[in-house]
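J.: Construct the complete structure from the given sequences, taking the supplied hints into account.
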Amino acid sequence: MKADFFTNNRKHLRDALELGKDDLVLVPASTKVQYHSEQAAPFLQESNFFYLTGIEEPDCLLMIGDKAEWLLIPDEDEFAGLWDGQLSKKEAAAISGIERIIDLSEGWNLLSRYIPSKVKKIYLPSPEPSILHGQIHTNPAQRNLFE
Numbered sequence: 824m825k826a827d828f829f830t831n832n833r834k835h836l837r838d839a840l841e842l843g844k845d846d847l848v849l850v851p852a853s854t855k856v857q858y859h860s861e862q863a864a865p866f867l868q869e870s871n872f873f874y875l876t877g878i879e880e881p882d883c884l885l886m887i888g889d890k891a892e893w894l895l896i897p898d899e900d901e902f903a904g905l906w907d908g909q910l911s912k913k914e915a916a917a918i919s920g921i922e923r924i925i926d927l928s929e930g931w932n933l934l935s936r937y938i939p940s941k942v943k944k945i946y947l948p949s950p951e952p953s954i955l956h957g958q959i960h961t962n963p964a965q966r967n968l969f970e
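Per our numbering, the very first residue in the sequence shown carries number 824; after that it's consecutive.
Everything labelled a hint here was simulated from the structure, so no lab data went into it.
All figures in this text were calculated on a predicted structure; none of them were measured in a lab.
None of the hints are false.
In silico DSS-like links for lysine-lysine, alpha-carbon gap of 25 Å or less:
1) Lys890 - Lys844
2) Lys913 - Lys855
3) Lys834 - Lys941
4) Lys890 - Lys834
5) Lys844 - Lys943
6) Lys913 - Lys825
7) Lys834 - Lys844
8) Lys890 - Lys825
9) Lys912 - Lys890
10) Lys944 - Lys844
11) Lys941 - Lys890
Each pair of labels, with its calculated beta carbon distance range:
12) Asn932 - Asp845: 13 to 23 Å
13) Lys912 - Phe828: 17 to 27 Å
14) Lys943 - Asp898: 21 to 31 Å
15) Asp838 - Ala864: 29 to 39 Å
16) Asp845 - Pro865: 35 to 45 Å
17) Leu927 - Asp845: 19 to 29 Å
18) Lys825 - Gln862: 31 to 41 Å
19) Lys913 - Tyr874: 18 to 28 Å
20) Ser860 - Lys834: 35 to 45 Å
21) Asp926 - Leu947: 19 to 29 Å
22) Tyr937 - Lys912: 13 to 23 Å
23) Ala826 - Leu927: 14 to 24 Å
Virtual Cβ for every residue (Gly too), placed ideally from N, Cα, C.
T.: In structure tokens, the structure reads:
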């Protein structure tokens with residue numbers, strides 16, 4: 824799929840919610856989960872996040888305002904990049920069509936300043952319960968963002 828597909832999906836969401844200048848949408852990606860200490864569960868991206876970005880990397884966060892959007896991606900980690908590979912900012916922009924790609928740590932700082940001073944309404948996905956299913960915990964990303 825081309826970046827235009829994901830750009831249009833975000834535009835339709837913005838229009839459907841009638842986002843105002845003081846509104847913000849936050850959509851987390853899935854996070855990695857472990858079966859046990861030696862085996863990771865197969866990664867499956869959160870559907871809404873993928874529909875809006877096309878990104879299949881864990882631990883990202885999409886922020887959508889009325890006129891701006893940001894994609895927060897995990898800070899560069901040389902060790903993790905060697906084992907699992909790591910999406911670059913340039914690759915993330917090409918896939919998603921989002922121009923503002925920032926490190927997660929920088930993004931949380933932005934959020935901590937932006938939300939109290941400028942945001943009146945925040946749209947979040949409803950958190951999934953953090954319960955055990957078949958020896959695997961459900962993905963905690965939405966609940967962590969909500970909390």
